[in-house]
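K.L.:
Sequence:
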Amino acid sequence: NLTFDEVKDMFDQYQEESNQQIEPDVIKKLYQKTQGQPGLIGWFGELLTEKYNHEPHKAIDIEIWDHVYLSACELEHNNTVQNMISKARSEYKSNIIKLFTDSNIHFSFRYDWCNYMYMHGLIGYKLLKKGNQTYYTCNFSSPFIQTCLYSAFVGEIKDNQERSTLALDPLDSLEDVTSGSTLNLPALLNRYKDYLMRLKENGLNPWQNQPRRKSDYHLTEAVGHFHLYHWLQMALEIESSISPEFPTGNGKVDLHIVYEDKKGIIEVKSFTNLKASRRARKQAAAYAKQTGYPDVTIAMFAPFTDEHVISQLSVNEVIDGINVQVVVIGQG
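Sequential numbering of the sequence shown, starting at 1, is according to our numbering.
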């Protein structure tokens with residue numbers, strides 16, 4: 001992949017030849033979202049400087065970048081990206097889906113799935129040091145590719161969903177969700193749990209025919225991550241903005257929600273063990289503080305449905321001045 005300096009040099013050359021300024025933040029965003037993948041850099045460069053460059057006498061600013069990035073994610077056709085999505089739906093689909101929820105997946109070219117996905121540009125690797133242990137872990141090749149895959153898998157959930165069950169009770173105005181200074185997201189997630197219960201009562205299983213982990217009998221919790229996003233879109237509709245963010249490249253999806261001029265953040269995780277759950281709360285508090293939120297809600301999908309255990313794990317804790325609330329969602 002290209003380094004940041006190499007990408008910057010390319011755009012410096014364009015600015016010199018065209019006399020059109022490109023704001024430095026645009027180049028930073030471009031590099032951050034593509035990780036310097038040459039094909040993507042070239043394609044985004046073309047979109048920025050040609051197709052969406054409607055006013056060449058003005059600087060290409062962050063507003064133009066945001067428009068281009070949204071279009072690249074939703075509208076613009078790219079054979080390479082489409083091919084990557086197709087490869088992600090291969091026999092190794094469950095491995096790719098798991099990467100959305102697990103930040104500790106070992107990388108090795110000796111694993112067929114790692115070799116296949118790396119050669120097709122979907123994943124990369126990074127060196128991880130834990131105590132005396134050093135090893136390589138998998139991560140998505142870039143935030144842009146991760147966003148495209150996330151969108152594709154959410155699309156599959158939508159296609160498979162039966163439409164007769166309403167996302168919310170017909171008389172639910174969501175008043176308690178919007179009455180505070182920030183969104184009451186635990187209250188919203190309890191509606192999601194009610195929705196899952198209504199599906200179950202109607203004999204419907206949203207996890208049916210979805211990928212299972214090869215290592216055990218549990219459902220792949222990541223399917224829940226995509227299903228929750230789909231439900232939020234149904235429940236909050238067009239009055240809302242729900243933006244998935246992937247700050248680490250693996251194991252972590254953050255949903256930034258704006259609804260009725262109130263904001264909130266849901267960090268979507270999968271339950272593995274009690275220790276990891278405590279660590280997740282600390283990490284969520286640090287992330288909320290860094291992004292300027294006074295509170296954060298963790299939606300934690302768990303491969304069990306015992307209500308006693310679920311209530312024990314659904315905790316509320318103040319960490320470093322940040323209110324962290326965990327809502328455990330059982331899958332079974």
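Hints were generated in silico from the structure; no laboratory data involved. Errors might be hidden in some of the hints.
The calculated lysine-lysine pairs, modelled on DSBU-like cross-linking and capped at a C-alpha distance of 30 Å, are [stated by the list, open to error]:
{"hint": "1", "residue 1": "K275", "residue 2": "K289"}
{"hint": "2", "residue 1": "K51", "residue 2": "K29"}
{"hint": "3", "residue 1": "K193", "residue 2": "K282"}
Label pairs and their in silico Cβ distance ranges [said to hold, decoys possible]:
{"hint": "4", "residue 1": "G39", "residue 2": "D66", "range": "14 to 24 Å"}
{"hint": "5", "residue 1": "A276", "residue 2": "S18", "range": "48 to 58 Å"}
{"hint": "6", "residue 1": "H54", "residue 2": "P24", "range": "38 to 48 Å"}
{"hint": "7", "residue 1": "K158", "residue 2": "A276", "range": "48 to 58 Å"}
{"hint": "8", "residue 1": "S71", "residue 2": "M234", "range": "19 to 29 Å"}
{"hint": "9", "residue 1": "H54", "residue 2": "S311", "range": "54 to 64 Å"}
{"hint": "10", "residue 1": "K28", "residue 2": "P170", "range": "13 to 23 Å"}
{"hint": "11", "residue 1": "K158", "residue 2": "S71", "range": "46 to 56 Å"}
C-beta: ideal position from N, C-alpha, C; glycine also.
K.L.:
A separate judgement is required for each hint: does it hold in the structure or not?
P.N.:
Do the hints match the structure? See the list:
1. K275 with K289: Distance of about 22 Å is within 30 Å: holds.
2. K51 with K29: holds (19 Å)
3. K193 with K282: holds (24 Å)
4. G39 with D66: 14 to 24 Å: holds (22 Å)
5. A276 with S18: 48 to 58 Å: Once the Cβ atoms are compared, 51 Å apart, the range 48 to 58 Å for S18 and A276 holds.
6. H54 with P24: 38 to 48 Å: violated (21 Å)
7. K158 with A276: 48 to 58 Å: violated (30 Å)
8. S71 with M234: 19 to 29 Å: At roughly 24 Å between Cβ atoms, M234 and S71 fall inside 19 to 29 Å, so the hint holds.
9. H54 with S311: 54 to 64 Å: Check passed, 55 Å falls within 54 to 64 Å.
10. K28 with P170: 13 to 23 Å: The hinted range 13 to 23 Å is violated for K28 and P170, with Cβ atoms some 47 Å apart.
11. K158 with S71: 46 to 56 Å: Given range 46 to 56 Å: violated, Cβ gap about 21 Å.
Hint compliance for this structure: hints 6, 7, 10, 11 are broken, all remaining hints hold.
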